[in-house]
Amino acid sequence: MKIDKNTTLKIAKLSRIKIDESEIDELSSQLSSIVDWVEQLNEVNTDTVEPLSNVSMAKLPLRKDIENLKDNSEEVLSNAPDKLEKYFAVPKVVE
Amino acid sequence: MEFTTIKETSEQLKNKKISIKELSEIFIDRINNNLNLNAFIYFNKENIHHQITSHFDKKSLLNGIPLAIKDLFCTKSMPTTAGSKILKDFQPPYESFVTHKLLNEGAIFLGKTNCDEFAMGSSNTTSYFGSVVNPLSLKNKPLVPGGSSGGSAAAVAANLCLGATGTDTGGSIRQPASFCGVVGIKPTYGLCSRWGIVAFASSLDQAGIFTNNVNDSAILMQAIAGHDSHDSTSANIKIPNYFESINADLSGKTVGIPSEYHVPGIPEEINVVWEKAIKVLERGGVKIKNISLPHTKYALPAYYIIAPAEASSNLARYDGVKYGLRSKNNTSLDEMYEMTRSEGFGKEVKRRVLIGTYVLSAGYYDAYYLKAQKVRTLIANDFMNAYKDCDFILTPTTPSAAFPIGDKEDDPIKMYLNDVFTVPASLAGIPGISIPFGKSQQGLPLGIQLLCKHFDEQTLFNAASYLEKNYE
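If you read the protein sequences in the order shown, they are chains X and Z. Here the first sequence is numbered in our numbering, starting from 1 and rising by one per residue. Here the second sequence is numbered in our numbering, starting from 1 and rising by one per residue.
Looking at chain Z on its own, in the form it has when it is part of the complex:
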């Protein structure tokens, strides 16, 4: 038994083929044998043992299932750093909504996974705790796992856990899922509560899931979704049983293929995988419809106004007073603020806070922030119009396969272009899933992205399940 999927492992646990303790030891060993990946910021054997000795069995598929948690979720029994020096010793006094729900289902938390600092990055190289290494790296050439949820994607890909949480603001689940060859879903904005998730850009941040297959992602997604009065943007809707309802028969459905996602200069292998997925859908009786999302090219620049603006506001809380680092240079209150933030934030976070401050500052607000919000309306409308003609949309997840650690570090904009295919859906608040669907010429995984209407996650799981089954 390999113990790579939740469904099968859950049956083994239920039939007493293995105990929760034995299962955890397997994963503790796997993590210990893969410390070079740097996938975890917090990993402590005693903590896991303590969870097991105080464990109460739950009637749930997740009972005893070892999971990894992105270090952006506040956890009462483990520190939470958001990948930042400024929070390196932070111990949350409360549990995030999402992790609370998983604990209630009986899941075991193996540890907290590495991520880009405050989830700002597409390579996991901005973490204060060092880069994560993609487990599929070629010999002598360490590759990025993608970001920001790179540790979670790498941990699932290397089978260091059976599933992991992530957060996605502009592609932070889907892009690393594609780079690491795993399934990653970002649900509709509002499906999961943001309570207890360290905030980056509040109008975009959403929790989601990494797993090794579509069934498992449906199981975990259902577990973390749901209304929470602590988050005023959390939707009060009935959550379907995604897993039980999966129907991989897509005949009669229509898929939209957006012409704007044919970006010039993109490696041919990306389009090859895309074409292949279209053919596989066609074989399943899916109608192919060419659609247009005319404002696609403005999504990235709009995002890089809105996200930094919200980040500059959200990160104002790190002032050395209530929690987190305080600089030793603190002879005055002003010096304390400025030195704390200067010493505590990394380069990329500072850049984004500064850009955000600039676009929100007096005299510039209308020209940048308001303009970007208007463009955001147009991008959301593009999707709403497209869904009049199709049930879901198929695109590549990323414009390239995983790249070497250190690449694109000289030019922030080059790094931002990683998210060209994932950001539009984030701005519209619609759900998206990335599933592995082929290999680059170098043998690295490439993902395909499915997008749907708000709260239509079931269609995503159905279509992803069909593609997964029919990928040869």
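If we strip away everything but chain X, and leave its shape as in the complex, we get:
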């Protein structure tokens, strides 16, 4: 299997997703079969091919650097699970 239990736990950690012990085996096998399946791309010779990351015809535009003094902190914070004055609040990180 390409993706064993430890690899699954490692990428779950990188993804910041807690995986339940009972799910690990099934998940590892599903992820492995997906990775096995996408590896058919190795049949294609791409030695001289450039990667395509943007199919848009638009040129990356520049905008004028104009100061915006509008205070929209209320809107920005309107969906925050926890806030304190004009800040997002999170669990304590330093003792």
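No lab work stands behind these hints, which were simulated from the structure alone. Given the structure is predicted, the values throughout are model-derived calculations rather than measurements. Glycine included, every Cβ here is placed at the ideal spot set by N, Cα and C. Treat the hints with caution; some may be incorrect.
[As the list claims (entries may be wrong)] Residues of chain Z clear of chain X, computed beta-carbon distances all greater than 12 Å: (1) T4; (2) I20; (3) P240; (4) S245; (5) S259; (6) I278; (7) P412; (8) Q442; (9) Y471; (10) E472.
[Said to hold, decoys possible] Far from chain X, by Cβ distances over 10 Å, these chain Z residues were calculated: (11) E2; (12) K253; (13) Q458.
[To be verified] With a straight-line Cα cutoff of 25 Å, these simulated DSS-like cross-link-like pairs (lysine-lysine) come out: (14) K17(Z) / K7(Z); (15) K85(Z) / K13(X); (16) K347(Z) / K2(X); (17) K322(Z) / K13(X); (18) K86(X) / K347(Z); (19) K17(Z) / K45(Z); (20) K18(X) / K85(Z); (21) K5(X) / K347(Z); (22) K253(Z) / K289(Z); (23) K2(X) / K18(X); (24) K85(Z) / K83(X).
Following the hints, complete the assembly by docking chain Z onto the known chain X.
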């Protein structure tokens, strides 16, 4: 008057045969009588009444026209969930570009339609708010509407609205349109702004439209297209009047028939419908040209590297801090992140985030992500070469008719194969439209897909209009 098309309904409104309020009540009743379809995540009578009492008439075909909005578009007056538990209480503080344009034309929003969670799915079964039922389901056998924009496709098919928005990343408009027997168009990447659309895979995501006929799709497409400085991939081009310019005379045009879309193991009825469409085109004076898109079979695996990779990056924002769900298990910041995402995301979303993280992780990036991007170049080049010999391409939309809810759930790859005919165009960024063109042996709708060059939506509407008129 049945009130199933925008064009006719708009005339009725203009000639005061019916008021916007009366029209809305008809659709509110229809939705209430079809709650079993589970097509809407948000539907609230008071909200609609409020829109009507504060309505200003606009000089537009869309004035007063009741539409449904996929719940992936941020709407200031309605919650936006993306079909996910993690956003179940999210109320956007701003309006998406596409919905803003529709409101400016005077459209009425009936509600927000159900979809696969974060648009990841081909069956609408990954929604936190439950599966949508295909309105054409056979007796005692609920069928999927397709996905991810399944609620929008079902709502249009059941006449619960006169048109609906969708988004298409790898087939999420065209596949459900085919399964529900309606018209679905995904325009060129960059034609519509992605501003305010909950992001899945940013290099592929595009807004589009579901309607009951080609004329209406041209009307709505024109309304939502256009440049927006908030989206740096949005194209700054003049948008034609697609509807007024429709010319269903195709004589002298050439259609490309790609041999690679003859996939082994596909039900014969799919090829029958395809053959029939070819014959109908031939009768209209269209030259039939056999073409080759040699890298077609690599489109799906390339897509299932690129889309999850971009999704894993895009979905990093759901961390329980700025908006959305926060887990009660939050004694430390790390635990809060991990538990929030574990409780908030469904199975398919987790799988894709994990795959995306894997293919982007140190040591694997070149082997997977970069490789897939190179294959993407080859797929895009296939289309560019093909268009030297033809004006548009005709293919089936899906490899099967709608299947029962619960099928293909045991094996993610089986589910992914639904998009075998729609993903290549998504990778190339070219536009595609699916129109109903026949029935399966069980009597379920089957769609046919037309593909064109970048920004040549007019040719799509022309060819689709011809096929629609000449389908008997």
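Self-check item: Violations among the numbered hints, reported as their numbers in ascending order
Solution: The structure conflicts with hints 7 and 18, although it agrees with all the remaining ones.
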